[in-house]
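Below are the chains, spelled out letter by letter.
Protein chains: 2
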Amino acid sequence: MIPHPYLLYLGSATDELSVKTARGVAAWRPELCLGEARDAGGTVSIGLPQMTVEEAVAQGARTVIIGFANSGGFMSAETIAFAVSALRAGLNVASGLHQRLTASPEIREAAEAANLSLFDVREPPANIPVGNGKPRAGKRLLAVGTDCSVGKMYTTLALEREMKARGIAADFRATGQTGIFIAGAGVPIDAVVADFISGGAEWISPAREDGGWDLIEGQGSLFHPSYAGVSLGLLHGSQADALVLCHQAGRTRIRFLEGHPIPDLRTCLDRNLEAARLTNPDVVAVGVSLNTWGMDAEAAKRACAEAEDLLGLPAQDPVAMGVGRIVDRIVQCFAA
Amino acid sequence: MIPHPYLLYLGSATDELSVKTARGVAAWRPELCLGEARDAGGTVSIGLPQMTVEEAVAQGARTVIIGFANSGGFMSAETIAFAVSALRAGLNVASGLHQRLTASPEIREAAEAANLSLFDVREPPANIPVGNGKPRAGKRLLAVGTDCSVGKMYTTLALEREMKARGIAADFRATGQTGIFIAGAGVPIDAVVADFISGGAEWISPAREDGGWDLIEGQGSLFHPSYAGVSLGLLHGSQADALVLCHQAGRTRIRFLEGHPIPDLRTCLDRNLEAARLTNPDVVAVGVSLNTWGMDAEAAKRACAEAEDLLGLPAQDPVAMGVGRIVDRIVQCFAA
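Those protein sequence lines, which keep their order, are chains A and B. Counting along the first sequence from 1, when you hit position 291 you're at 291 in the UniProt record's numbering, and nothing is skipped either side. Counting along the second sequence from 1, when you hit position 86 you're at 86 in the UniProt record's numbering, and nothing is skipped either side.
Next up, chain A with everything else stripped away, as it sits in the complex:
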C-alpha cells in the first residue's frame, strides 16, 4: 500500500537503538530501500547510501519513512520541517510515531499542495473489540522481552523465516510500527485505547484451522514501569502456546530509566509464564533469544550457554546463530 522504494530518515539520532525502525525495514525489506537521510547532528548510519530528498527523488524514491522512534513518539520541529521538505521534493511520507503526520497542519498542507499521501501506521484499526479471553483454534507463539529494544521483532521474523523454510505454516503478526512497515499489516498494540489491548491481540491472531502458527511480535516488558500494561494485555490476548524470551546479553537495567534493574532471566521467564497462564494454562517456553550485539563470538557463545544452563532451553542469537535450535524445540514440543 505504501509506494516504494523508500528513503529512510534517521533524524538526528545518535543512538543505534533509536533507529530500529529504519534498520528493521532495511534488514527485512532491503529490496524496497534506496538510501538514508539524516539531520545535522545525527551520527548513526544504517549502511545505506546517504542522500538528500532531491537525490532520492532523482533515483526513483517514492516515500520517505520516519525511521527513528523516541519515548512518547513525538515529532520535533526538525522532523516536521524535514517531512515538509520531503513532500515539496515529491515524496510521500510514512510514520509510525504516536504523534500523527496528519496532526501537523504544516505537513497536511504540504501534502495537499503536492498531492502526495501521508501514512500513519501507528493509527490502530477502528472497531477493535474488547478481549474476550475465549480459547481459539491454532497455535500461537509470542516473543516476550526483558526490556524494550532487545530484539523481539527480529526474533519473530527469524522464526517465521526458519519455520517457512522447513515447510511449517507460520505467519509473522506485527504489533509495532516497524513490524507493520515490514509485514504491510498489523495492529500497533501500544497505540490502541487501553481497554482494548488484549482485544487488539486477539484481533491480529484470530482462530486458525490449518495447523499453522501465528508468530506474534512482543512489545515492551513486564518489568518496564512505563509500558508493562501493554506487555501484559498483549500476553493475555495472544493466548500464547509458546513463549520465546528475548534479552540483550549484559543489559542489567531497564534502558533510559534509573533505578530499575532487569530481574534474572529465570524470574523474567517465570513471571511471563505465570501471566500467560491466565488465558492459556498450557503455555510453555521454547527458547531464549539472546541479542549479543557488540560481543565477540566467544563471549556470545558463552552467554548463550549460560542462559541454556540456567533455563534448560535452547538459547541463540538470531542474528549471529539463527534460530534453528529454537525451532527444533518448537517442533519437538508440539509434535502431537
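Rather than coming from a laboratory, the hints here were simulated on the basis of the structure. There could be a bad hint or two in this list.
A pair holds if it fits inside one copy or across any two, identical chains being indistinguishable in the list.
Here are the simulated SDA-like pairs of lysine to any residue, each with C-alpha atoms no more than 25 Å apart in a straight line [stated by the list, open to error]:
#1 Lys-301 <-> Gly-167
#2 Lys-134 <-> Pro-261
#3 Lys-134 <-> Ala-81
#4 Lys-164 <-> Ala-185
#5 Lys-134 <-> Arg-271
#6 Lys-301 <-> Glu-16
#7 Lys-134 <-> Ser-85
#8 Lys-301 <-> Arg-161
#9 Lys-134 <-> Trp-203
#10 Lys-139 <-> Gly-211
#11 Lys-301 <-> Pro-49
#12 Lys-134 <-> Leu-48
Following the hints, put chain B in place on chain A, whose structure we already have.
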C-alpha cells in the same frame, strides 16, 4: 463544569451492576440528582423518581447523564435516540462511554440545533506523558480489585471521607467515568492510549509535599483477561505505598467471562503486591474491602472474619460497616 441538577439515564439495563455510574453519582452527589429515566425493557431502578426528559426539564434539570456502562462502552441506536430526545427537550448530555457523544452526527446536530453542550468525560486529557517510574513525594493508596465492579471506587471515596473526618489530608483521584462525574476531575485511565497508562496514573497523582494522601481509584483486575493491562499500568504509575484489596464476597469467577476463576484472596493480594513493588518496593497492604451486597448481616460478618484470618488485615464492607478499621491500619502503618 457540568450544569446540574442531573437526570440519570439507565437505558434498558436489567443488571444492577451495569448502572453503577448512575448509582455512584446518586450515592456520592445526591444533592445534584433529580430523577432517573429508563427505556422500555429496563428493569433496574436506583431509587430516584422516574421521569421523562420533559418532566425533568420542567423540574429544573440541566443535564442528563448516561448512567450505565457496557463492555466496550458503545452507544446503541436506542441510546442515541434518547440523547437526541433529551437535547430536543432542553437538556445537555454527559457520557462516560468509550464511544463519544460527539462521534454521533445525530447527537451533534441535535446539540447544535438546541445550542446545548455535550460532555464526554471518557476523553483523556491531551499530552499525558509516558510514565517515568521515578519516585515522587507524597503518600498514595490504590484500591485494587479481584474483578471489575466489586467496589473499588466506593471504597476509595469511603476512605477519603473517613480520613478527612479524622483530619488527615486525603484526596480521591478518579480514574473512571463515574469517579470523574463525582470528583469533577480525573483521568479515564482505560481510555488513554496504551503506551500512556502508567503515565496517566503519574499525572493524576503527582508529587505532594503536605504529608497527605492521594487515594487512587483502581480499575479492572490483574486477573481479568480483557483489562489486566490497564490494572497493571495503573499499579505501576500509582507507585502505591498502600493497597486495599477489593472483592465481592462469594464471587468466584470473573463476571461475564466463562472459564476464568478468581484466584484465592491471598494469591490476588500477593500478585498485586509483587507487581506494585516494581515502582515502590515498600508497598504494603492495609486492608480488604469486602462487598457483601445481598448477604445477611451475620454472613457478611463471617465473610469479613474469614478474609481477616486469611490475610491478617482488617476486612470491612464499606457500605455496611464503614472503613474505620482500615484507616486505623493506615494510621498505624504510616505513623512515622
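Quick rundown of the hints versus the structure:
1. Lys-301 <-> Gly-167: Neither: 28 Å inside a chain and 62 Å across chains, both beyond 25 Å.
2. Lys-134 <-> Pro-261: between (35 Å within a copy, 13 Å between copies)
3. Lys-134 <-> Ala-81: Classified as neither; 47 Å inside a copy, 33 Å across copies.
4. Lys-164 <-> Ala-185: within (19 Å within a copy, 53 Å between copies)
5. Lys-134 <-> Arg-271: Both: 22 Å inside a copy, 23 Å across copies.
6. Lys-301 <-> Glu-16: within (23 Å within a copy, 60 Å between copies)
7. Lys-134 <-> Ser-85: This pair counts as neither: shortest intra-copy Cα distance 49 Å, inter-copy 38 Å.
8. Lys-301 <-> Arg-161: Answer is within: at 22 Å inside a copy they meet the 25 Å cutoff, but 60 Å across does not.
9. Lys-134 <-> Trp-203: Answer is within: at 12 Å inside a copy they meet the 25 Å cutoff, but 34 Å across does not.
10. Lys-139 <-> Gly-211: Within. Shortest intra-copy distance 7 Å satisfies the 25 Å Cα cut-off; inter-copy 52 Å does not.
11. Lys-301 <-> Pro-49: neither (33 Å within a copy, 75 Å between copies)
12. Lys-134 <-> Leu-48: Classified as neither; 46 Å inside a copy, 38 Å across copies.
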